[in-house]
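*Asks:* The chain contents come next:
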Amino acid sequence: MLTRLFVDNYSCMVNFECTFGPRQLILGSNGAGKSTLFDVLALLRDFCVRGKLPNPNDEFFVGRTRTRWQKEPKQAFEIEVNGNDGTYKLRLEIDSYGNPELPRIVKEQVYFSGKPIFSFEMGEVHLYNDFYQDKIRYPFDWHRSALATITERKENTKLSWFKRWFDGLLIVSPDPRQMSGIAAQEVKNPDKYLANFADWYRHLRQETDDHDYIKDLKEVIEGFDGMRLVEAGERRREIKVRMTPSENGNILKQDSEYLLSELSDGQRVLIGLYAILHFALKEGSTLCFDEPDNFIALREIQPWLTKVIDRTEDEKSASQVLIASHHPELLNRMAFKEGLFLDRPGGRYTKVRKFDDPSQTGLSAAELVARGWERE
Amino acid sequence: MSKGIGIVVVCEDQEQQSLLLRYMETCRINTSRDVRLTYVPARIEGGKSKDAGTKRVKEMFVKELQACRARQAKAKTLLITMIDADREKWNYDTRKSELEATLGDDAPLKIDDPYVLFVPKRHVETWIRAALGSSVNEIDDYKKPMPTKEEIKKAANNIYLWAHDNSTLNPSLIPSLKNSLPDWKKVG
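Going line by line, the protein sequences match chains D and V.
When we follow my numbering, the leftmost residue of the first sequence carries the number 1, and every step to the right adds one.
When we follow my numbering, the leftmost residue of the second sequence carries the number 1001, and every step to the right adds one.
It should be emphasised that the hints constitute simulated quantities derived from the structure, not laboratory data.
Here the structure is a predicted model, which means the values were calculated and not measured.
Glycine included, every Cβ here is placed at the ideal spot set by N, Cα and C.
There's no promise every hint is true.
[As the list claims (entries may be wrong)] What follows is a list of derived Cβ distance ranges for each label pair:
1. PRO358(D) <-> ARG1033(V): 11 to 21 Å
2. ALA1101(V) <-> TYR258(D): 56 to 66 Å
3. LYS1055(V) <-> ASN332(D): 51 to 61 Å
4. LYS337(D) <-> GLU1059(V): 47 to 57 Å
5. ASP356(D) <-> ASP1113(V): 53 to 63 Å
6. VAL1062(V) <-> ASN248(D): 39 to 49 Å
7. GLU121(D) <-> GLN1072(V): 49 to 59 Å
8. GLU1059(V) <-> SER246(D): 57 to 67 Å
9. VAL1062(V) <-> GLU262(D): 48 to 58 Å
[As the list claims (entries may be wrong)] In silico PhoX-like pairs for lysine-lysine, Cα to Cα no more than 25 Å straight-line:
10. LYS354(D) <-> LYS1154(V)
11. LYS154(D) <-> LYS89(D)
12. LYS218(D) <-> LYS154(D)
13. LYS1074(V) <-> LYS337(D)
14. LYS1003(V) <-> LYS1063(V)
15. LYS354(D) <-> LYS1055(V)
16. LYS1144(V) <-> LYS1055(V)
17. LYS1063(V) <-> LYS1096(V)
18. LYS1186(V) <-> LYS1154(V)
19. LYS1063(V) <-> LYS337(D)
Please model the entire structure based on the sequences and the hints provided.
*Replies:* The following block contains the structure:
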């Protein structure tokens, strides 16, 4: 479980520190830094675990991601994660170097319960075994993550646990317009906008039973009767959704199959959100939802949220959910107990605090937010 | 600190809300950023929305006055409430007493409470017609034809002028509107 994030000199975050529990609602005005918080987690995951390489043409780490009004060239990031009977801490310090200017890793370190298990400092990697012994040293390209290149071995099970956890960190902001119903391949994880939903679903169908998932969809989408993958050319599959319309409770004999793209935006998002609930929210996982409620009718968000909360309350699953949202249903359900309020006073850097009703007005969380009274 | 809204509006229907909004716009209050309009149901022709609206105003008044009182220590806050005196026996004092009764004995209205109360008699359309210069009384029904947006805007502008300059006041102005002018001035 992610317990802490520290970010310095990244976009609106200067010396920003935030701690997390098993379930958090991230709230704040537009531009307060909610999406930035998730962006940082995704960047760290992609850079340090998935091995994404910096490109001088994109905005990855250097250049425009540095806080505009800071003169400091160095960016620093830390995450802390509880798991595997200890606490992991990753620290990454980056500045820029070379022509064209590329991010240079000053420091990339992983600690387990205060002891080093990996270090990469100014071009030299130190590999530790599970007994914290500095066993191997070698030089490495300081423009890329060395941690991402470490493979799983029997001597580094502690480090491998951390990398597996981080690789499984999901950040999702469902966008039905991007959700493809065509599966050209199988992928282990959905991307942020669920654009590769069909690829992911194809993978899931090979691995797991989707009975409960389909059962939930039947309850939340009127007329939904099933979903399957059918051949659509060489190596390609296509999602077909079976809908059975009814009138006055009587099923009409005109059931038909639809492409995912033929469903409404809200129906597609529900299909995506319930897939995440059933297949991604598993033991030890951390899921971040950036405004999952977009496109969904008011009555649909409550059942999904209830199931998510039930799942995270289940001690056996021990999963973690962070949700950024403005939705009144989510605010009223979660804000007072689990709300983290992000604010940028004067449009400067992001501050975070526990959500509350500072004047004890007795209003609902959604009303406080609507009036801007939660920030006084 | 970011600035939260400073005015909360509780009223019975959209005509009341419209007059209050136009008045605040005349006062150059930023109605997009500084005003919270509590939910007002649309009027249903032939429905019983009026009684429901009155009941809702009473419930909201209690909740919102408590919230505004609580916030008063941190920032200036004003609760604007409008409720028609649409029965002959009703007037400003009876409506105020009814609202006070809903507060209970524990939290009676105080002189420094952050609220203003408007009680149009017979209803807000009477005030709008009066503010437009029509000859009206407080007994007849002026709901139809419904005032246009332009008429409400003009009425709000005239109320603003009267609230800030008594010399322009028509001496035959209906008493409920005339007596409310000091409260309009409190708004802005």
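*Asks:* For each hint, tell me whether it holds in the structure or not.
*Replies:* Results for each hint:
At roughly 19 Å, the beta carbons of PRO358(D) and ARG1033(V) sit within the given window of 11 to 21 Å. Taking 56 to 66 Å as the suggested C-beta distance range, the pair ALA1101(V) and TYR258(D) conforms, at roughly 58 Å. Taken as a hint, the range 51 to 61 Å is violated for the pair LYS1055(V) and ASN332(D), whose Cβ atoms sit roughly 23 Å apart. Between LYS337(D) and GLU1059(V) the Cβ separation comes to about 26 Å, which falls outside the hinted range of 47 to 57 Å.
Checking the proposed 53 to 63 Å range against ASP356(D) and ASP1113(V) shows it is violated: the Cβ atoms sit about 24 Å from each other. Restraint check, VAL1062(V) to ASN248(D): a C-beta distance of roughly 44 Å satisfies the suggested window 39 to 49 Å. Here the CB-CB span from GLU121(D) to GLN1072(V) is close to 56 Å, well matched to the stated 49 to 59 Å. Distance hint for GLU1059(V) and SER246(D): a CB-CB separation of about 39 Å, inconsistent with the stated range 57 to 67 Å.
At roughly 50 Å, the beta carbons of VAL1062(V) and GLU262(D) sit within the given window of 48 to 58 Å. Between LYS354(D) and LYS1154(V) the CA atoms are separated by roughly 46 Å; this puts the pair beyond 25 Å, and the hint is violated. Among the hinted pairs, LYS154(D) with LYS89(D) is consistent with the structure: their alpha-carbon atoms are about 21 Å apart, no more than 25 Å. Between LYS218(D) and LYS154(D) the CA atoms are separated by roughly 45 Å; this puts the pair beyond 25 Å, and the hint is violated.
With a C-alpha separation of about 23 Å, the suggested pairing of LYS1074(V) with LYS337(D) holds against the 25 Å cut-off. For the hint linking LYS1003(V) to LYS1063(V), the alpha-carbon distance of about 22 Å falls within 25 Å, and the restraint holds. At most 25 Å may separate the alpha-carbon atoms for a hinted pair to count; LYS354(D) and LYS1055(V) exceed this at roughly 36 Å. In summary, the hint linking LYS1144(V) to LYS1055(V) is supported, as the alpha carbons are separated by about 23 Å, within the 25 Å threshold.
For the proposed pair LYS1063(V) and LYS1096(V), the alpha carbon gap of about 16 Å is at most 25 Å, so the pair holds. Using a Cα cut-off of 25 Å, the hinted pair LYS1186(V) and LYS1154(V) holds, with the two alpha carbons roughly 20 Å apart. Proximity of LYS1063(V) to LYS337(D) is assessed by CA-CA distance (about 22 Å); at most 25 Å being required, the pair is judged to hold.
Violated hints, in rising order: 3, 4, 5, 8, 10, 12 and 15; the structure is consistent with all others.
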